[in-house]
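Colleague: Listed below, chain by chain, are the residues.
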Amino acid sequence: GAGVSQSPSNKVTEKGKDVELRCDPISGHTALYWYRQSLGQGLEFLIYFQGNSAPDKSGLPSDRFSAERTGGSVSTLTIQRTQQEDSAVYLCASSPGVGNTIYFGEGSWLTVV
Amino acid sequence: GENVEQHPSTLSVQEGDSAVIKCTYSDSASNYFPWYKQELGKGPQLIIDIRSNVGEKKDQRIAVTLNKTAKHFSLHITETQPEDSAVYFCAARSNSNSGYALNFGKGTSLLVTP
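So the sequence lines, in the order shown, correspond to chains A and B.
Each residue of the first sequence is one higher than the one before, counting from 1 in this note's numbering.
Each residue of the second sequence is one higher than the one before, counting from 114 in this note's numbering.
No wet-lab data here; the hints were simulated from the structure.
Some clues are possibly wrong.
[To be verified] Listed below are the simulated DSSO-like cross-link pairs for lysine-lysine, each with C-alpha atoms no more than 30 Å apart in a straight line:
no., chain 1, residue 1, chain 2, residue 2
1, B, Lys135, B, Lys184
2, B, Lys150, B, Lys171
3, B, Lys135, B, Lys150
4, A, Lys57, B, Lys155
5, A, Lys57, A, Lys17
6, B, Lys170, B, Lys155
7, A, Lys57, B, Lys219
8, A, Lys11, B, Lys155
9, A, Lys15, B, Lys155
10, B, Lys181, B, Lys219
11, B, Lys150, A, Lys11
12, A, Lys17, B, Lys155
13, B, Lys150, A, Lys57
14, B, Lys184, B, Lys170
15, B, Lys219, A, Lys15
[As the list claims (entries may be wrong)] Some residues of chain A that are not near chain B, with every Cβ distance over 10 Å (derived):
no., residue
16, Ser62
17, Glu85
18, Ser95
[As the list claims (entries may be wrong)] Computed list of chain B residues with no C-beta within reach of chain A, every gap over 10 Å:
no., residue
19, Ser125
20, Gln127
21, Asp130
22, Lys135
23, Asp172
Just so you know, these numbers come straight off a predicted model, no measurement behind them.
Cβ coordinates follow ideal geometry from the N, Cα and C atoms, glycine included.
Chain A extracted, bound-state conformation (with noise of 0.2 Å):
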């Protein structure tokens, strides 16, 4: 695709039940980031992918939080137990590597209530 795609675009989901959240990086960007947007805040990081590397997870806030990228491209969030805090916009972004200009999708709107 042209851009980052995210699915769903937006969720309400019943406190603790589990969540997750897709993204399509674009093609051939090797790079991928989550990052957390609550309302009015500004952009909270949450994991990064590189290649086949092992992901770094030192933003993700708990261990309900985890996240999978599978063969080097289609990443899922998953929020498990979901709490009314966790209500936010979940952006992905991608980039064609380490160091380049970061493109993020449209986000994830989720809504815990």
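Following the hints, position chain B against chain A.
Modeller: This is chain B only, laid out in the frame that chain A set:
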């Protein structure tokens, strides 16, 4: 880690006027400074960036300046138009960041009134 401060948080200007947004960073090793524009309901879009070996960069009505000594950089928008209304984020990246991840400011909500 890197800390990026951004001011002001909100900015209102009249169409045709200039707008300036300022950011400071804490990590002297930071070497890349992009600016993103985010419209309501959309993801951030890169509008301009500058690297540490350059003091100023211009692209039509948008310019960015960098003062490495003072560790601050600014976005300048001239001849503002209503479609410039959006939230603008500055960011900084250094070699010490995770995977060259960007550290973002908290954003400036710019409103351009006709």
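Colleague: Please go over all the hints and tell whether each is borne out by the structure.
Modeller: Each hint tested on the structure:
Restraint check: the Cα-Cα separation between lysine 135/B and lysine 184/B comes to about 11 Å, which is no more than 30 Å; the hinted pair holds. Under the criterion of a C-alpha separation no larger than 30 Å, the hint pairing lysine 150/B with lysine 171/B is consistent with the structure, at around 16 Å. Distance hint between lysine 135/B and lysine 150/B is fulfilled; the C-alpha atoms sit about 14 Å from each other, no more than 30 Å. This hinted pair checks out: lysine 57/A and lysine 155/B have alpha carbons roughly 25 Å apart, not beyond 30 Å.
Of the pairs offered as hints, the one joining lysine 57/A and lysine 17/A holds, with about 22 Å between alpha carbons and a cut-off of 30 Å not exceeded. For the hint linking lysine 170/B to lysine 155/B, the alpha-carbon distance of about 26 Å falls within 30 Å, and the restraint holds. Between the alpha carbons of lysine 57/A and lysine 219/B the distance comes to roughly 22 Å, so the proposed pair stays at or under 30 Å and holds. Distance hint between lysine 11/A and lysine 155/B is fulfilled; the C-alpha atoms sit about 15 Å from each other, no more than 30 Å.
With a CA separation close to 25 Å, the supplied pair lysine 15/A and lysine 155/B stays within the 30 Å bound. Distance hint between lysine 181/B and lysine 219/B is fulfilled; the C-alpha atoms sit about 21 Å from each other, no more than 30 Å. Under the criterion of a C-alpha separation no larger than 30 Å, the hint pairing lysine 150/B with lysine 11/A is consistent with the structure, at around 24 Å. With a CA separation close to 26 Å, the supplied pair lysine 17/A and lysine 155/B stays within the 30 Å bound.
Annotation: proposed proximity of lysine 150/B to lysine 57/A holds, straight-line Cα distance about 26 Å (limit 30 Å). In summary, the hint linking lysine 184/B to lysine 170/B is supported, as the alpha carbons are separated by about 16 Å, within the 30 Å threshold. Between the alpha carbons of lysine 219/B and lysine 15/A the distance comes to roughly 27 Å, so the proposed pair stays at or under 30 Å and holds. Listed as outside the interface, serine 62/A is consistent with that label: its C-beta sits roughly 17 Å from the nearest C-beta of chain B, beyond the 10 Å cut-off.
With a least beta-carbon separation of about 18 Å from chain B, glutamate 85/A lies farther than 10 Å from that chain, consistent with its non-interface assignment. The beta carbon of serine 95/A is not kept farther than 10 Å from every beta carbon of chain B, the shortest such distance being approximately 8 Å. Serine 125/B, annotated as away from the interface, keeps every beta carbon of chain A farther than 10 Å; the closest lies near 17 Å. Listed as outside the interface, glutamine 127/B is consistent with that label: its C-beta sits roughly 24 Å from the nearest C-beta of chain A, beyond the 10 Å cut-off.
Aspartate 130/B, annotated as away from the interface, keeps every beta carbon of chain A farther than 10 Å; the closest lies near 25 Å. With a closest Cβ-Cβ approach of about 15 Å to chain A, lysine 135/B is found to remain outside the 10 Å limit, as its non-interface label requires. Non-interface status of aspartate 172/B relative to chain A is upheld: no Cβ of that chain comes within 10 Å, the nearest being about 14 Å off.
Consistency with the previously given hints fails for number 18 only.
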